Amino acid sequence: DAGITQSPRHKVTETGTPVTLRCHQTENHRYMYWYRQDPGHGLRLIHYSYGVKDTDKGEVSDGYSVSRSKTEDFLLTLESATSSQTSVYFCAISFGGQGNSPLHFGNGTRLTVT
Amino acid sequence: GDSVTQMEGPVTLSEEAFLTINCTYTATGYPSLFWYVQYPGEGLQLLLKATKADDKGSNKGFEATYRKETTSFHLEKGSVQVSDSAVYFCALSPTGNQFYFGTGTSLTVIP
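Just so you know, the protein sequences line up as chains A and B, in that order. Residue numbers are given in the working numbering: position 15 of the first sequence equals residue 15, and the series is strictly consecutive. For the working numbering, add 114 to where a residue sits in the second sequence, where the first one is 1.
No lab work stands behind these hints, which were simulated from the structure alone. Heads up, some of the hints might be wrong.
[What the hints assert, rightly or not] Okay, the calculated bits of chain B under chain A, using three or more residues with CB under 8 angstroms as the criterion:
id, segment
1, 152–166
2, 197–211
3, 216–222
Computed from a prediction, not measured in an experiment: that's the story for all the values here. Virtual Cβ for every residue (Gly too), placed ideally from N, Cα, C.
Please model the complete structure; the sequences and the hints are all you need to start from.
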């Protein structure tokens, strides 16, 4: 497995509270991604990063923010959690810049917003 | 825009049956194509990939051929095992920095 660690693995939180999910990599890959996985929707990109302090929005970025202050860490923050953000969140990394460089995924964080 | 369409599931097969999971794509240019597999409680794992037309990706008995004329990348395996039960995702990358996934196909193999 690629060296990707997501924390926490499970979290239950209440509506309106802030939540931060962490992704840590030991591969020194340039690109990092946050996806959410929901039944019937497959994987949807929330945000991605192409370097330290360089981030961009994905297709479902509303309600989420990210930060990357070090190559190895990519944080996803839900500023005020809502029930619609109950999902499984996956971090992924890629060497990037080449058409044949695949994504490598962490094991996910299951978030429940009550 | 770029997109991937894969067959709806769930798919249920008996052990040693032949497997096909269809995947077609829409993309400009020459994207790279991937199949990922997801076991329960885990993240997606790369199963195989192909980066140009007529390339065949293969791994663990699974194969898929990049067909540009039909814009397809169907996943096949000649004899499935119970341990192949998982969700399979087709994906494409037009640039190497962006990835587009299908909605996944759940496979259950029964003894």
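Now for the hints, and whether the structure bears them out:
| no. | hint | in the structure |
| --- | --- | --- |
| 1 | 152–166 | holds (count 8) |
| 2 | 197–211 | holds (count 7) |
| 3 | 216–222 | holds (count 3) |
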